[in-house]
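Visitor: Here are the chains, one letter per residue:
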Amino acid sequence: MAIDPIHENFQQVALSSSDTVSPNSEGIALQVERLGLQLDGKVILQEISFSLPVKGVTSVIGPSGAGKSSLLRCLNGLLTQWSGSVAVNGCDTRKWRGGWDQLRRHVGLIAQKPVVFNTSIRTNVCFGLKSWRQRRHADELVEKSLRQAALWNEVKDRLNEPATTLSMGQQQRLCIARALAINPRILLLDEPTASLDPHSKQLIEQSMLQIAEQTPLVCVTHDLAQAQRLQGPVIFMCDGRIIEQGPGEQLFSQPQRIETREFINWSVCDCD
Amino acid sequence: MNTSRLQYRDTISKSIVWLLAIPALLVPTIILGYIFWKAAPVLDWDFISGTADGAGFGVTEGIFAQLLGSLLLAVMACVMAAPFALGTALYYRIYASPRQQQLLIVMFNMLQGIPPIVFGLCGLVMLVNLFAWGVSLLSGAVVLAIVLLPLLVLNTLAALERIPLNYTEAGRALGLDSGAIIWRLRLPRSWLNLLTGLLLAMARALSETAPIMFTATVFSGVVWPDSLFSPVTTLQTHIFYLAQEGNNPQVINIAWGSAAVLVLLVAAFGLIARVLKKLEAD
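First to last, the sequence lines map onto chains L and U.
As numbered in the working numbering, residues 1264 to 1535 make up the first sequence, in order.
As numbered in the working numbering, residues 456 to 737 make up the second sequence, in order.
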């Protein structure tokens, strides 16, 4: 019997739709309101508010220590001690049916350094599927996910080989395929191309743009040129706050804030 | 401070460190050398593979029965303790609150400090007498399993902890719950470390004498155990009994031979554990 994990995910979202906090959430995939985070008494994020359209890539730029990665971890539920509100498809993530584990299935997160599990390429792609039966009958899903991640042509003949034999760039695309296989509502990428060669970077960017036609993406990047290439809205963060946000073209050509201008021109930020 | 004075101080501190380190390295080496030197006259294949048939048991014939008895007890104890150790480690990792975790660690460290003879005594009272299992392979294996349990739990915990954080975080980012992370990520990834811990526990089991002395072993009259409820002979207690016959040089030589074989056996387990650890690190 073929199992459809996508259908299962739809059902779970439908079940949680009663927890709507944002009545005007049409056309908005993610709504973040006054998000704040303190860890060990240190303020990491404060007053973060933004929304994501239902498709496209939103880039988050900013200097190291600005809180970009922490923001993604709050959205994905890996960090849960934040204040404020986060709504995915109009549903409050704190009241997500099934809790944080279930939320993480809908808000995928790709780390900066690719982490593949010590199994075959195929098993890696299916790793997030819930039941053994789903994982067993997932040939179509494996192919679809690997195609979306622009990896299918390179691995289609060696799906049963260990994933650790892939290059770093391929491993990162495998991680993207693995996250896509569970059909997330939103995909968060934390510097996905840092420390990759230009060819892998280009492939991943192409794949991101393709995925973004159906799924909203948030991409944290240090690479300003990459943020421009991804063409979507840009959020500039510094010292745990959003300094400026807006369409990429506008933010890069006519930044409104002096901190943004300094960061774009000299990659420095003095926002204290 | 001038250079010569600094050099002088450096030489002094280096000498002190060497003076303290040399005995720690030299004494065990001398002891091991002495054991093998004394064991050399009896140490041959016949001695290791020979099996006593009753008369002159342990004195004139080989130690194969004792060797096998030791291994049998160690393997049985590890097989008995391993599932409980794994269960305890998983409980610790998945379900225990921080307070319970603290309590468990204190308890297992404390249990590790209890002299094994105390467990032997408990085994004698409870298993041998109260449950009427008698001095038997089963009684000895159970007592040895209890002795090994804290070590195995701590080894299993260490093996599970050694998984890099980003590995489990990648699993959590996929929405896997704690149980799935343990069963599908941590355990498959740490099996080599778990095996290493098991082998080290086997080595420890082979060096334990006190817990089995009251509960499992006899010196003579037994070659192979007929059942789980039969007594067994082991190298550890064999050496103990032979050493008491201090006046007979032939007996003492055989005790040295047995000791050398036991040392080699423990070293072999330690060596395999080391190889596995290296494999895991690579």
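Careful, some of the hints might be misleading.
Not close to chain U: a few residues of chain L, all C-beta gaps over 12 Å, as computed [unchecked claim]:
#, residue
1, Glu1310
2, Ser1314
3, Arg1336
4, Asn1339
5, Arg1357
6, Asp1364
7, Lys1393
8, Arg1410
9, Asp1453
10, Asp1486
11, Phe1515
12, Arg1520
Derived lysine to aspartate or glutamate pairs resembling EDC-like cross-links, with alpha carbons at most 16 Å apart [what the hints assert, rightly or not]:
#, chain 1, residue 1, chain 2, residue 2
13, L, Lys1376, L, Glu1507
14, L, Lys1393, U, Asp632
15, L, Lys1376, U, Glu624
These aren't lab readings, by the way, just hints derived from the structure by calculation.
We put the beta carbon where it would ideally sit given N, CA and C, even for glycine.
Visitor: Work down the list of hints and note, for each, if the structure agrees.
Guide: How the hints compare with the structure:
{"no.": "1", "hint": "Glu1310", "result": "holds (26 Å)"}
{"no.": "2", "hint": "Ser1314", "result": "holds (22 Å)"}
{"no.": "3", "hint": "Arg1336", "result": "violated (9 Å)"}
{"no.": "4", "hint": "Asn1339", "result": "violated (6 Å)"}
{"no.": "5", "hint": "Arg1357", "result": "holds (16 Å)"}
{"no.": "6", "hint": "Asp1364", "result": "violated (5 Å)"}
{"no.": "7", "hint": "Lys1393", "result": "violated (9 Å)"}
{"no.": "8", "hint": "Arg1410", "result": "holds (20 Å)"}
{"no.": "9", "hint": "Asp1453", "result": "violated (10 Å)"}
{"no.": "10", "hint": "Asp1486", "result": "holds (22 Å)"}
{"no.": "11", "hint": "Phe1515", "result": "holds (30 Å)"}
{"no.": "12", "hint": "Arg1520", "result": "holds (32 Å)"}
{"no.": "13", "hint": "L:Lys1376 x L:Glu1507", "result": "violated (28 Å)"}
{"no.": "14", "hint": "L:Lys1393 x U:Asp632", "result": "holds (10 Å)"}
{"no.": "15", "hint": "L:Lys1376 x U:Glu624", "result": "holds (12 Å)"}
Going down the numbered hints, you'll see the structure goes against 3, 4, 6, 7, 9 and 13, while the others check out.
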